[in-house]
Amino acid sequence: MKTINPNTFLCPLKRSALFLLLLLNLTACESFVELELPDDQLYGAGVFNDYTTASAALTDIYAGYRDNTLLTGNTEGMSYLLGHYADELDLYTSSLPNVEPFNTNSLLPGNPYLAIQWNNSYNLIFAANSILEAVPNAVDLTPEQQNQLMGEALFNRALIHFYLTQLYGAIPYLSSTDYETNRSASRKEEVEVYQRCIEDLARAKALLPQAYTNASRTRPNTWACTAVLARVYLYANNWEQAAEEAGAVLAQQDYYALNPELDEVFLVNSRETLWQLAPNAAGGNTTEGPQFIFSTAPPPDSALSTVLLNSFENGDQREQAWVQTVTEGTNSYAFAYKYKQNTNTTVSLEHSIMLRLAEVYLIRAEAYARLNRPAPALADLNALRQRAGLTPLAGLDGTALLDAVVQERRVELFTELGHRFFDLKRFDKLDAVLGELKESWDATDRIFPIPQNELELNPNLRPQNDGY
Amino acid sequence: MKNKTTRLTGAALPGLICLLMSLSALWASASPLQSRVTGSVTDTNDNPIPGVSISLKNSNTGTQTDMDGSFELLASPQDTLRISYIGFKTLLLPVGNQTTFNIILQQDITDLGEVIINAGYYNTTRREQTGSIARVTAEEIERQPVTNPLAALQGRMAGVNITQTTGVPGGSFDIQIRGVNSLRAQANKPLYIIDGVPYASETLGYNQTYGSILPGDGLSPLNSINPADIKSIEILKDADATAIYGSRGANGVVLITTKTGSPGKTRFQARLQSGISYVGRTTQMLNTPQFLQMREEAYANDGIAIPANAYDINGTWDRDRYTHWQEVFIGRQAETLNAQVSVSGGSAQTRFLLSGGYQRQGTVFPGDYTYGRGSVHLNLNHQSTDERFRINLSTTYTSDQNNLPQSDLIRLAYQLAPNAPELYDEVGNLNWENSTWNNPLASLERAYEVQTQTLIANSVISYRLFDALTAKVNLGYTTSKVDEQVTNPSTAIDPAFGRGSEFSSLRTNDASSHSWIVEPQLNYQAVWGNHELDVLVGGSFQDQQRQQLGIYAFGFASNSLITNAAAASTLRITNNDVREYRYVAAFGRINYQLNSKYLLNLTARRDGSSRFGPGKQFANFGAVGLAWIFSEERGVKDKMGFLNFGKLRGSYGITGSDAIGDYQYLNTYTSTGTSYDGQTTLEPTRLFNPNFSWETNKKLELALELGMFNDRIRSTVAFYRNRSGNQLVGIPLPGTTGFSNLQANLDALVENKGWELSLNTVNLDNKAFRWESGINLTIPKTTLKSFPDLEGSTYANQYVVGEPLNIVKVFEFTQVNPESGIYEFTDFNEDDSVSFADDRQAVVSLDPKYFGGFSNSFSYKGWELNVLLQFVKQTGLDAVYQNAIPGGGANQHTGVLERWQQEGDLSRVQRYASGRVLAPALGFAYARSSTLAYSDASFVRLKNLALNYTFPKQFFRKLQCTLSVQGQNLAVWTPYTGNDPENQSVLSLPPLTTLTTGITLSF
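So the sequence lines, in the order shown, correspond to chains P and B. UniProt numbering puts the first sequence at residues 1 to 468. UniProt numbering puts the second sequence at residues 1 to 1003.
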């Protein structure tokens, strides 16, 4: 038994302080709060130590194309929205308030589709850039694997920027994952964007293999890259190189040939396909099919416009093969029937095609036409016309030849990834064609407004595009 | 002088052994010999009172009286007995040589004289508390026909602002305790503790399943707590009260204490309530002629021919139809039912309470939807006969099921054209009117269903090692499981798309969380003469894991199989989220009282959280609280006789916040559930920054508490100032960075200061009639004090230094141009054009200017009437500007009738426009983001009215019977244009009006 001095109540205070210290020591278990990573996450560096996971990081970009960015076939993508924005689709429903402004060319900067397109696109560019930054240091990958990944990442970086500049005009071209620079990035004029695309694609072309990594061509090879390069040269008014690159692709007869049967052009094993997107699940088909196909009239969403239907020459078999009509009483409505599956099948029959040989013919035809070489230009056009059961064109040159190119592109590539709108823009026919057709068309509608939120978060993107 | 004998028994608890060993060396105190003291407690009418708490002052020792009001305990002659019971004045009696006590307790007219207040790790009283703690009791909660405990707090506590986000059952509430401290909206939630166990308040629901029907935080986990099981809810507000919760105390702490049994005769109670809920207020929308005129005028104004898809006016739809869509979609009366039974009792050693409850609530939507919740609560309490060992076990199990449509139909009620077609055709199928509309009832084909199971278990085991020293361990475990599914059958799609069940889809979310906590503690209490000391030290280890698995199933052979994911042709995992959160802490509290007049309370905590990267995991928090009970001073006592209690208190301290989400400091890739070429893809998870750390919140409070005229008037006036710095935020980034934000600390300072006033009075009190009033008022002010380089930051359009956080920067409306009929706004930067980027410079604050509640209770014999008025002064979203452009296809608030019509008109509403012509479309887009779109949303609401009649005691022999009528949200007085000034939404149901009748039986 012990007694304590009653006059010093400080004593217990000291004791309590001691307890506290003791407890602090006991509980300062730093290891308790250090955790393992959960199952659904992998350390950034670890992803690139293995080709399978590195490849999964890359193919996420393609999954993004397919599901929710510019290239998707659903309402968020260009095939649908630009079909409305140009003169390919009519809107029948009254319940899509955010699509209607595309149809009537009255977009406002706050339209949610703009933000979705913009943000998802730059998110994929970030993914491409992080691959480009990580792969050179990934010592466990073979040089071939590194080249494949780098090549595809460069290809995709260029492709997304290319589409963005078509839609928004001057845009930032981003080649790093550094948020400090990206958050205040400035816009580059279209010419400069094209130049950067060309540089990336040229590098990609050298890195990518000639052979496809799989039979269904779901990842681009060097020729797919060359085709995009040809397209960018064309858009950049570099006709010589456009013709040359397109020619290089067309020469690859071991890989590619126009499919003589129009009904087979969009099938999964078409030899006309340069690159297509794998569906999300085995037995899945395209995102375009369910978006465009309908079975009763009037159309529940959208239908092909009369002007497009009227633009087919008599006897153009593409109108039979690629357009389907639904009739109700005296009215009939048509939809794009390039993809014929609107739901899953036992085995996948169709994939969304991103690049096909017909476009390469058209690129070369246009380049030759611009270079004032009508003979080879007509030959390329006629390759497509003949397949469509039309008589070959002859004796055209100058503006008439260029008009023939625009017309051929219109009926060959309709509702495919916004080609029609880009063509009208490239040939400077927007005001003439759409201004004539649509009440609320303005000259400034040639490019979209930069999404509202972006301008607020990054002052360097200001000013807003004209007319908004 | 005190001598204490060392009596260290071997029953030390695991986890404390090492502590105790070191303590035994430190500790060498002694205890005098104790003797058995017995007695009985009666009221002034000589009726024995069971359940009275008899304790030794300044020690943990104590007991309760049994059925006959008798008690027995060990005490030494130096001890003082503290005899307390709710509703009676507390007595202090020195033991001396007396061994038998016949105690008579005096009734306390204020009821709240010496209520024990739960402060989390320790208890305190109103008299002794040095911090700021608000409290609501079971009595107040039970008066309100609500399913979510937070609903019962609205308007009842100073400094606590609670907003209901939706009237759909199962929805969530926003709660702000003393304003908004963090720039990050999600980081302003308080910490919830249920019986000592932290309760994760973030939803286990998955946005893609609940997103269209439940707004805000979605499925509220607090719905798993049956309000009828709650004994009290305490809210800790200032540094003194919250610092012991360290890093998680920044936004206040909500302590929920469940009911326990009381000794004595076994007591049964049953309560049954049933009633109806409905939307109390409708919005004035255009009728068919007004609507058609608007549409036609719009096209005429725009100079555009009526287009082919303007079915409402181009002759496709019947121009003479009129449907009051609000009546159709949200006009039903929902039935509510609430049944609760409980049995409790026990002896002085062992007490128990077992209760069960079932609550059911319908919806106001057409169709058969119900929310049902069943719960069981068990509390067991035991103490050894020598009162050294105590164990308390509390378990609650709740299961709820919620069936709802996939989306809230209120949106349609406001948007559909009043002449839109019939919902069903002649044969009763959905009418698609030749594909000219999306039949709104198709969304009823899509069903949302969720089942939640929650188990909360906790146990407190304590052992008194010496008279002054008690070891205690708090053990807790909670688990929750959520199964959500939302169906999208092909029948919800227009048949014109020709889609069969191969297009039907199902989304499911299976989520669960488990958490455990272990908190060993030591408590030392001692008295030396005029000095009283209470020391608490403890540690806390917590682990919380959660999993979410989202599946998307597509393509069914038949729609009847749609709820079975296994029957789908395609299955995709959309979300597989696994997270763990760990937390370790040491905490301590030293409470010192001198002469029972001067109080000092020191609290400290050292916290480590797994949410931060290496080197950033640990931080220290603490607070000082001081109080001076000046009414004890002789001078005051002599000169101010009316003042029976007066206390001045103040506190200052630092708390923190780690509410940033898990693993945010890591650079990782996530598998998203999408696949490509048969392989699951990986995407970069986030922009990573490994260097962020705690947000710190410095709190200051000064308060004056008074009790006058024998506590007939009690008031508290408090001033608080909280400053939150080192802001832990997701800095918004432009999309060009690839992401929308970056986790980082931002050197911005947010200040919340304000005044809180509460006043409780007993206005009348005589034998038969009693009238009490209570008023609470809060005048808050949030200010962004500093923000380095705000203009250059991505927050430039969101915040203004010197203004509150909850602001909008908008255009300043000047006029509707009398010539063109289009809105005009101030061109702040004088560049001759008005643009989103530069000219939204007008600031509208959406913070409440003041809010509070005014309650009155009247009792006359067996009758009791309680009335609560809630009031808020604020600015909110003007409903007139919430829909699409007036003249487009959507219906409008009648406010648009005031529009500009011809040249020279002076109006505040621009001309009708179709939306296809840029100038008026832009005008309206700007107006929605202008001063026009915000207007007075203040309101006074008759929040609660409860009338009870209790039959006289002998009326039904032993059976006690109470009848009640209760009403919630009965009326609202407001200038607000829209449906409800509280949730201010055109997308979510307003809080419903509820009326119930009930009966309570007990014996």
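These are computed hints drawn from the structure, not numbers from a lab. Honestly, I wouldn't trust all of these hints.
DMTMM-like cross-link-like pairs, simulated, lysine to aspartate or glutamate; straight-line CA separation at most 25 Å [unchecked claim]: (1) Lys-616(B) <-> Asp-638(B); (2) Lys-849(B) <-> Asp-789(B); (3) Lys-425(P) <-> Glu-328(P); (4) Lys-231(B) <-> Glu-128(B); (5) Lys-188(P) <-> Glu-791(B); (6) Lys-616(B) <-> Glu-34(P); (7) Lys-809(B) <-> Glu-772(B); (8) Lys-481(B) <-> Asp-677(B); (9) Lys-265(B) <-> Glu-128(B); (10) Lys-481(B) <-> Glu-202(B); (11) Lys-616(B) <-> Asp-178(P); (12) Lys-481(B) <-> Glu-387(B); (13) Lys-259(B) <-> Glu-426(B); (14) Lys-231(B) <-> Glu-502(B); (15) Lys-481(B) <-> Asp-39(P); (16) Lys-340(P) <-> Asp-677(B); (17) Lys-481(B) <-> Glu-180(P); (18) Lys-438(P) <-> Glu-502(B); (19) Lys-616(B) <-> Asp-466(P); (20) Lys-438(P) <-> Asp-397(P); (21) Lys-809(B) <-> Glu-36(P); (22) Lys-438(P) <-> Glu-297(B); (23) Lys-57(B) <-> Glu-580(B); (24) Lys-340(P) <-> Asp-838(B); (25) Lys-861(B) <-> Asp-789(B); (26) Lys-188(P) <-> Glu-296(B); (27) Lys-616(B) <-> Asp-403(P); (28) Lys-953(B) <-> Glu-864(B).
Label-pair ranges, simulated between beta-carbon atoms [what the hints assert, rightly or not]: (29) Gln-293(B) <-> Ala-282(P): 51 to 57 Å; (30) Asp-831(B) <-> Asn-314(P): 35 to 41 Å; (31) Thr-814(B) <-> Glu-328(P): 49 to 55 Å.
Idealized CB from N, CA, C, for every residue including glycine.
Right, here's what the structure says about each hint:
{"no.": "1", "hint": "Lys-616(B) <-> Asp-638(B)", "verdict": "violated (56 Å)"}
{"no.": "2", "hint": "Lys-849(B) <-> Asp-789(B)", "verdict": "violated (28 Å)"}
{"no.": "3", "hint": "Lys-425(P) <-> Glu-328(P)", "verdict": "violated (36 Å)"}
{"no.": "4", "hint": "Lys-231(B) <-> Glu-128(B)", "verdict": "holds (21 Å)"}
{"no.": "5", "hint": "Lys-188(P) <-> Glu-791(B)", "verdict": "holds (24 Å)"}
{"no.": "6", "hint": "Lys-616(B) <-> Glu-34(P)", "verdict": "holds (11 Å)"}
{"no.": "7", "hint": "Lys-809(B) <-> Glu-772(B)", "verdict": "violated (44 Å)"}
{"no.": "8", "hint": "Lys-481(B) <-> Asp-677(B)", "verdict": "violated (34 Å)"}
{"no.": "9", "hint": "Lys-265(B) <-> Glu-128(B)", "verdict": "violated (33 Å)"}
{"no.": "10", "hint": "Lys-481(B) <-> Glu-202(B)", "verdict": "holds (13 Å)"}
{"no.": "11", "hint": "Lys-616(B) <-> Asp-178(P)", "verdict": "holds (23 Å)"}
{"no.": "12", "hint": "Lys-481(B) <-> Glu-387(B)", "verdict": "violated (39 Å)"}
{"no.": "13", "hint": "Lys-259(B) <-> Glu-426(B)", "verdict": "violated (56 Å)"}
{"no.": "14", "hint": "Lys-231(B) <-> Glu-502(B)", "verdict": "violated (52 Å)"}
{"no.": "15", "hint": "Lys-481(B) <-> Asp-39(P)", "verdict": "holds (19 Å)"}
{"no.": "16", "hint": "Lys-340(P) <-> Asp-677(B)", "verdict": "holds (21 Å)"}
{"no.": "17", "hint": "Lys-481(B) <-> Glu-180(P)", "verdict": "violated (41 Å)"}
{"no.": "18", "hint": "Lys-438(P) <-> Glu-502(B)", "verdict": "violated (38 Å)"}
{"no.": "19", "hint": "Lys-616(B) <-> Asp-466(P)", "verdict": "violated (48 Å)"}
{"no.": "20", "hint": "Lys-438(P) <-> Asp-397(P)", "verdict": "violated (30 Å)"}
{"no.": "21", "hint": "Lys-809(B) <-> Glu-36(P)", "verdict": "violated (43 Å)"}
{"no.": "22", "hint": "Lys-438(P) <-> Glu-297(B)", "verdict": "holds (21 Å)"}
{"no.": "23", "hint": "Lys-57(B) <-> Glu-580(B)", "verdict": "violated (43 Å)"}
{"no.": "24", "hint": "Lys-340(P) <-> Asp-838(B)", "verdict": "violated (49 Å)"}
{"no.": "25", "hint": "Lys-861(B) <-> Asp-789(B)", "verdict": "violated (66 Å)"}
{"no.": "26", "hint": "Lys-188(P) <-> Glu-296(B)", "verdict": "violated (44 Å)"}
{"no.": "27", "hint": "Lys-616(B) <-> Asp-403(P)", "verdict": "violated (66 Å)"}
{"no.": "28", "hint": "Lys-953(B) <-> Glu-864(B)", "verdict": "holds (15 Å)"}
{"no.": "29", "hint": "Gln-293(B) <-> Ala-282(P): 51 to 57 Å", "verdict": "holds (56 Å)"}
{"no.": "30", "hint": "Asp-831(B) <-> Asn-314(P): 35 to 41 Å", "verdict": "violated (55 Å)"}
{"no.": "31", "hint": "Thr-814(B) <-> Glu-328(P): 49 to 55 Å", "verdict": "holds (51 Å)"}
Hint check: violations occur at hints 1, 2, 3, 7, 8, 9, 12, 13, 14, 17, 18, 19, 20, 21, 23, 24, 25, 26, 27 and 30; the rest are consistent with the structure.
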